[in-house]
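Knowing the structure of chain V, use the given hints to seat chain Z on it.
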Amino acid sequence: MSKREDYVNDELFQPAHISSEKSETIAGPSLSFWKDAWMRLKKNKSAIIGCIILLALTILAIFGPMMNDFGFDDQKLTRANLPAKVPGIEKLGIMDGTDDMGNDMYDMKNVEEGTYFWFGTDGLGRDLWTRVWQGTRISLYIALLAAAIDMVIGVAYGGISAYYGGRVDNVLQRIVEVLVGIPNLVVVILMILVLDPGIISITVALTITGWIGMSRIVRGQILKLKGQEFVLASRTLGSSDNKIISKHLIPNVMGVIIINTMFTIPAAIFFEAFLSFIGLGLQPPLASLGTLIEEGYRNMQIFPHMMIYPSIIISLVMIAFNVVADGLRDALDPKMRE
Amino acid sequence: MKGYILKRVLYMFITLFLIASATFFLMKIMPGTPLSNAAKLTAEQEAIILEKYGLNDPVPVQYVKYMANLAVGDLGISFQYDGRNVTSLIMSRIGPSAQLGLQSMIFGSIFGILLGIISAIRYNTIWDYGATFVAVIGKSIPSFVFAALLQYYVGVKLQWFPVAFWEGWEYSVMPTIALAVFVVAVSARFTRTEMLEVMSQDFITTARAKGVSGFAVVFKHGIRNAMIPLITILGPLAVGLMTGTLVVEKIFAVPGLGEQFVRSITTNDYPVIMGTTLFFSFFLILVILIVDILYGVIDPRIRLAGGKD
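As you go down the protein sequences, you meet chains V and Z in turn. Residue numbering for the first sequence follows my numbering, starting at -8 and increasing by one per position. Residue numbering for the second sequence follows my numbering, starting at 270 and increasing by one per position.
Just chain V, with the same shape it has in the complex:
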């Protein structure tokens, strides 16, 4: 201790100069809500990884089917049930075109040298790589659709109901109270029975059921906001209803809307895959991840590759969306953080 006192003496210190100007300056740049949220999201490693996975999957879904010369419905029975074979990786002993017993299936079926099916082929000799990415397109389409339904119908319904209140609210909410009791699955299955199974009937079914949760959340939020002073001030200054809704109310509930949309998306993707799996979704030769898994499931014991690749892709899609949704929730609404 004594040593320190020797060289730390009063002469080393000077009184700080207090300037009244400087104390008023703002040190950091002012952060808007969205910048703040973006900074929080950037720190969340898993959410960023989720975003990258989603981006990669989207790119592959768009360009994957064009990356080789096989069409999604090119059948050729002489090359059926081939396991995966990828140039480069084949030297590592995996994805080298051999089955469980180690037989080179490409040799046995006399497939031309230099032909590679990156994910193998299915029971009709169709290239699984092309079909898997074709199926991923369906899943991503469902994701976009579910998001659009939530954002358009759900937000509009909830917003109108809460903002206009009174009799409008009463009628709209009685309708929702009945609809909310009907299990989604029931509506979806009934719709699909009436229309032919396929992408259109899934779209219609999702449109009917997809927006109810969002409309209730938006209504609750807008009810809370519309009594606040800034809305009253805006109205006193003569803003129209449309302006108040679009400029003041919607931006304030945007965070909640985004969070909720992000949680609807994986649920919708699961639903499409689930329906396709039980045979109510897309019909052959079209492929969705659900139908591919169903086909693969039937041949799983002999040709596991048919089941494994679509399963991995759908799991990746679901995990990525869930993780990004969690990250966005933490970033946009710190109060809701788990």
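Simulated from the structure, these hints should not be mistaken for laboratory data. Keep in mind it's a predicted model, so treat the numbers as computed, not measured. Don't take each hint at face value.
As the list claims (entries may be wrong) - Derived DEER-like restraints, expressed as beta-carbon distance ranges:
(1) V:ALA224 x Z:VAL566: 40 to 46 Å
(2) Z:VAL341 x V:SER225: 57 to 63 Å
(3) Z:LEU427 x V:MET245: 47 to 53 Å
(4) V:SER225 x Z:PHE282: 42 to 48 Å
(5) Z:GLY480 x V:PRO20: 45 to 51 Å
(6) V:GLN219 x Z:ILE567: 32 to 38 Å
(7) V:ASP160 x Z:VAL566: 42 to 48 Å
(8) Z:LEU275 x V:ALA258: 28 to 34 Å
Said to hold, decoys possible - Residues from chain Z that keep clear of chain V, each with C-beta distances beyond 10 Å, as calculated:
(9) TYR280
(10) PRO327
(11) ILE346
(12) THR356
(13) GLY399
(14) LEU427
(15) SER441
(16) ALA476
(17) LYS489
(18) ASN494
(19) ILE500
(20) VAL508
(21) THR546
C-beta atoms are modelled at their ideal positions from N, C-alpha and C, and glycine is treated no differently.
Positioned in the frame of chain V, the structure of chain Z alone reads:
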């Protein structure tokens, strides 16, 4: 509270009535005929069969008849199983489904709650990250993918449990696990959130300050309070389990209601589809109603605030 319950019960019946009506009319405009060999029948034979099942009446008459029968719990007669009553068909199929549902609900929520508590009291440690990872995976991987992989790797390769069918308790192990994954994921996440919330409350600080041991704080003060909102996820869990049974029963060839439902869709067995749809809807609406009422009964704060309405 009484008024609230009455109102909810009224809505339940309106909803059920609408579902029944919608189901009936949708079935009427559905493509396909219940006669599997319609081409082989003569016009007379066809008329006899249609007469037998009451399909010759005008649609409004069929509707009134259907509704009247429904009111006394008669769901009509199956097309697929010659002359079998749909109500008794559902009743004979409900056992395995109910067993699977209950087992996965019980085991799944016990495991999930434990996982949630661990990640809350070991907040931001490797335990927490591990539990969160399990929960995200469990929530993300579709039940049919998980069930199929389980069947292949545990059933076929390791041969620990029978691969399919329904002949004893060991046959229920794999379907239960496949269904429970979802329950574990949802309840773990929910418990974690609630637990973190409760543990930051003033009364926990008070308990710690007056010298209650860490164990007692967590179990006596924390968990008891965190468990209350857990009732609210029973509704979504029931919906998820019901969806799950459709595919899981199909994969493991369990003779339950879900497997029956999927099959009746592919065979155009209208009365069974209608009956099962109504049964599912009734069950789910009832669960949600009970959950809402229970929540008010158990947590006095909600009742004092005038209910959730």
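Hint by hint, here is what the structure shows:
For V:ALA224 and Z:VAL566, the hinted distance range of 40 to 46 Å is satisfied, since their beta carbons lie about 43 Å from each other. Separation of Z:VAL341 from V:SER225 is about 58 Å and conforms to the stated range, judged on CB atoms against 57 to 63 Å. At about 50 Å, the beta-carbon gap between Z:LEU427 and V:MET245 stays in the expected band of 47 to 53 Å. The supplied range of 42 to 48 Å is met by V:SER225 and Z:PHE282, whose beta-carbon atoms lie about 43 Å from each other.
Judged by the Cβ atoms, the range 45 to 51 Å given for Z:GLY480 and V:PRO20 holds: they are separated by roughly 48 Å. Checked against the given bound of 32 to 38 Å, the beta carbons of V:GLN219 and Z:ILE567, roughly 33 Å apart, stay inside it. Between V:ASP160 and Z:VAL566 the Cβ separation comes to about 29 Å, which falls outside the hinted range of 42 to 48 Å. As the Cβ distance of Z:LEU275 to V:ALA258 is approximately 33 Å, the hint placing it in 28 to 34 Å holds.
The beta carbon of Z:TYR280 sits about 6 Å from the closest Cβ of chain V, which is not more than 10 Å, so the claim that it is off the interface is violated. Residue-level check passed: Z:PRO327 sits 20 Å from the nearest beta carbon of chain V, beyond 10 Å. Separation of Z:ILE346 from chain V is adequate, the least Cβ-Cβ distance of about 19 Å exceeding the 10 Å criterion. Consistency note on Z:THR356: stated as away from chain V, and its beta-carbon is indeed over 10 Å from all of that chain's, at 18 Å minimum.
With 10 Å as the threshold on Cβ separation, the claim that Z:GLY399 sits away from chain V holds: the shortest Cβ distance comes to roughly 13 Å. Look at Z:LEU427: its CB is around 14 Å from the nearest CB on chain V, clear of 10 Å, so calling it non-interface holds up. With a least beta-carbon separation of about 20 Å from chain V, Z:SER441 lies farther than 10 Å from that chain, consistent with its non-interface assignment. No Cβ of chain V comes within 10 Å of the Cβ of Z:ALA476; the nearest lies about 23 Å off, and the non-interface call holds.
Consistency note on Z:LYS489: stated as away from chain V, and its beta-carbon is indeed over 10 Å from all of that chain's, at 24 Å minimum. Every CB of chain V lies more than 10 Å from the CB of Z:ASN494, the least distance being 17 Å, so the non-interface label holds. Against the 10 Å criterion, Z:ILE500 stays outside the reach of chain V, whose nearest CB is about 18 Å from its own CB. Look at Z:VAL508: its CB is around 6 Å from the nearest CB on chain V, not clear of 10 Å, so calling it non-interface is violated.
Distance check for Z:THR546 against chain V: the nearest CB is about 5 Å away, which does not clear 10 Å, and the non-interface claim fails.
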